[in-house]
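Spelled out from the first residue to the last, the chains are:
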Amino acid sequence: MSPVLKIILQRLGLGLVTLFVVSILIFAAVNMLPGDFAQAILGQGATPEAVAAIRRDLGLDQPPVTRYFLWLAGALQGDLGNSFAQANFASFVGADSGGSAASVAKQIAPRFWNTMFLAGVTAVIAVPFAVILGILAALYRNSAFDKFANIFTLTSISSPEFFLAYVLILFLAVLNPWLPSLSNIYIGMGFGERLEKTLLPALTLTLVVTAHMMRMTRAAIINLLASPYIEMARLKGMSPMRVIVRHALPNALAPIINVVALNLAYLITGVVVVEVVFVYPGIGQLFVDSVKIRDIPVVQACCLIFAAAYILLNLTADIMSILSNPRLRHPK
Amino acid sequence: MSVWVQIVGVLMACLALGWVFQFAGEKITDGTPFFRDMPLSVAFGYVLGVVVLIWIVWSYYLSRTLAAPEVNKYFFFRLAIEGFVLFSIAAWLFRLLGRTVGTRATKKLFRQMPLTASFGLMTIGIYALLAIFAGLLAPYGQEQIIPGVAANIPPGADPAIGGNADFPLGTDQIGRDILSRLIYGAQNTVGIAFVTTCLAFVLGGTLGFLAATLGGWLDQVLSRFIDVLMAIPSLIFALLLMTIASAWAGSQSGMLTVYMVLIIAVIDSTRVFRLARAVGANIVVMDYIEAAKLRGEGLGYLIFKEILPNATSPLLAEFGLRFCFVFLTIAALSFLGVGIQPPLADWGTMVRDLAQFINFASFAPQVASAPLLAAGAIALLTVAVNFVVDWMLQKSSGLKE
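Here the protein sequences line up with chains X and R, keeping their order. According to this note's numbering, the first sequence is numbered sequentially starting from 892. According to this note's numbering, the second sequence is numbered sequentially starting from 92.
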């Protein structure tokens, strides 16, 4: 087996182990809840029989280890259990939904794709924009442009996402009605309309992510510019742009790819607040709503999905940086 | 769609002007290297910069001269420009003050300081004063619903739209004074964030130094545990734990705030641990640590008297950054409705409660400024801290590039 493949398999294995431990952690954290879900659903006036019935229904009467493996096995098959809130609702209206309306997976699936769409639009705008700006800032460092970019990115990094979101709403939706401020996306919407409604949240996220990515790209390239071979290229009389594009960029690719992947991982956190501001029907909004009403299965599932995405992106960053670095590809 | 066409048109025009600028410059100055070697992209940059400056000045001029309905569009623009100029002048004066007053060392510090850093220091100072003396400065109490006063008085004290000079920033949806709540918010939000950061540093720093000094299995166990904790995005993890904490706290909202402080402190201590361990590991291999060990010094002496003083500068910079992160996390949690709980005034909650007023911006811009004030207060502080940290890092790394 080639050494690269071995390293990659090692990393993948490590990622899987991490995800496994994280799933234990999430499950354990949720099990630290006082009282009982059944009690919480039925409220204070519940009879012991009703509580016992619900406990049996939800499988809460089994020991935690059994429940954990049942949950994990379900999650691996795409069955994330039933939502308490919806189960509660269904029992109130007396409608037996046959478990379909209350299924967490059914709730999450469309929202998951919405969130992926938002993240995708953001990435498509942010990544080229940030890398080009970063290269320009490195090329013209200490110029007025670089200083302005530094101040601008620092400001947008340090502003909370909702501040940026409201400022964008103020200028692009309210004062100048160019874009819709609410992203009411539904199934079966045309791509163009969907894109238009996603644009404002995507722009907000772009502002946050671009700033990080641009600063890191700039730092990575400036770091390289101190190397002797860059000095050599300059002394040959190459133009600064050529020095950067031909000599610095191929070697800066590893750190830049790393930066891109890490920032996409950062998107995961940003998405929660932004989705709430724009009422974007994604997984982040579902997560916050479930946290508020303590809908444990949904919280658990969302947490697992976020953590998996985060680990996957970090893993990608790791593997890409190995693949793009000959010294790591051919270890001595 | 026409907006995009306009933007592309302006950019193309800038490109053409840039070419003309470079060509004309080269001809007029008889081929000075500055113009001769200027790439088109740089010329484009110059022209774009000038166009943006002209646009800003023109918009500001419009904002001062236009009549009522059209001027609303430029209200926030004018506010931003005036705020920017005012803060720049204040920061410049503050730096001037620092250069003339004080000891030789502080004078030297202020002499080398960029304007952004002096702005940061000044802003942090103002926030600290507000937070400490909130009780004296605020005209009303933070939970006080003033009898006989209407709710939702717009900010700006303009009687034409229902403003009231007693409440310069207006009142909120149940008739509390927004100015007082903003001032108390400095105390609550900043205070809680500061305590949380300190806690995270005590926890993460101690464990990190311990891991670095002792090594072995303790280091392994701690590091792997921290790795797992860091594998969950911090805001998501905080939200998960807050769900549980809210069940524990039940109806006691005060306890929930305490749990929030503990949760965020633990989550953020993982990042501190990483840094403290890395810095500590570099220090532990030094000869003076070896000497101290041979002298028979105890673990406490090694950590607090030998390692800590040598790790101050990276830890201090990290403290600033960590504070920003903690502050933003708390603001985000409060904004989402699971952070600092209602009776306490808090900026994140205020933004959430007042957010719908943004939609009134086109006909009454003053009304829309209420939520932005609270959000802006958060942004201003984190920007200030970041500017100072940026300057400190640049100073300590000694890099001029």
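Just so you know, these hints were derived from the structure itself, not from any lab. Be a bit skeptical, because a hint or two may be false.
What the hints assert, rightly or not - Computed far set for chain R versus chain X, every beta-carbon distance over 10 Å:
#: 1; residue: 112
#: 2; residue: 117
#: 3; residue: 142
#: 4; residue: 164
#: 5; residue: 172
#: 6; residue: 174
#: 7; residue: 218
#: 8; residue: 318
#: 9; residue: 326
#: 10; residue: 349
#: 11; residue: 410
#: 12; residue: 432
#: 13; residue: 450
#: 14; residue: 463
As the list claims (entries may be wrong) - Covered stretches of chain X (in silico footprint by chain R; criterion: 3 or more residues with CB under 8 Å from a CB of chain R, positions within the stretch not fixed):
#: 15; segment: 910-918
#: 16; segment: 1011-1022
#: 17; segment: 1036-1046
#: 18; segment: 1060-1070
#: 19; segment: 1198-1211
Source: prediction; values computed, not measured. Backbone N, C-alpha and C define an ideal beta-carbon position, used for all residues, glycine too.
Now the hints, each set against the structure:
The beta carbon of residue 112 (chain R) sits about 16 Å from the closest Cβ of chain X, which is more than 10 Å, so the claim that it is off the interface holds. The Cβ of residue 117 (chain R) sits about 17 Å from the closest Cβ of chain X, beyond the 10 Å cut-off, so the non-interface label holds. For residue 142 (chain R), the non-interface assignment is confirmed: its Cβ lies about 14 Å from the closest Cβ of chain X, beyond the 10 Å cut-off. Look at residue 164 (chain R): its CB is around 5 Å from the nearest CB on chain X, not clear of 10 Å, so calling it non-interface is violated.
Look at residue 172 (chain R): its CB is around 14 Å from the nearest CB on chain X, clear of 10 Å, so calling it non-interface holds up. Consistency note on residue 174 (chain R): stated as away from chain X, and its beta-carbon is indeed over 10 Å from all of that chain's, at 13 Å minimum. Taking the minimum C-beta to C-beta distance to chain X, about 14 Å, the non-interface status of residue 218 (chain R) holds against the 10 Å cut. Distance check on residue 318 (chain R): its Cβ comes as close as 7 Å (rounded) to a Cβ of chain X, failing to clear the 10 Å threshold; non-interface status is violated.
In this structure residue 326 (chain R) is not separated from chain X by more than 10 Å, as the shortest Cβ-Cβ distance comes to only about 4 Å. Against the 10 Å criterion, residue 349 (chain R) stays outside the reach of chain X, whose nearest CB is about 16 Å from its own CB. Distance check on residue 410 (chain R): its Cβ is at least 15 Å (rounded) from any Cβ of chain X, clearing the 10 Å threshold; non-interface status holds. At the 10 Å boundary, the C-beta of residue 432 (chain R) stays outside the reach of chain X, the nearest C-beta of that chain being 13 Å off.
In this structure residue 450 (chain R) is not separated from chain X by more than 10 Å, as the shortest Cβ-Cβ distance comes to only about 6 Å. With a closest Cβ-Cβ approach of about 6 Å to chain X, residue 463 (chain R) is found to fall inside the 10 Å limit, against its non-interface label. With 5 residues bearing a CB less than 8 Å from a CB of chain R, the segment 910-918 of chain X meets the requirement of three and the coverage assertion stands. Proximity of the segment 1011-1022 of chain X to chain R, defined as three or more residues with a beta carbon under 8 Å from a beta carbon of that chain, is not established by the 0 residues found.
Coverage of a stretch by a chain is defined here by at least three residues with a beta carbon nearer than 8 Å to that chain's beta carbons; for the segment 1036-1046 of chain X and chain R the count is 5, and the condition holds. Only residues whose beta carbon comes within less than 8 Å of a beta carbon in chain R count, and the segment 1060-1070 of chain X has 7; three or more means the coverage holds. Here's how the segment 1198-1211 of chain X fares: 4 of its residues keep a CB closer than 8 Å to some CB of chain R, so the rule of at least three is met and the hint holds.
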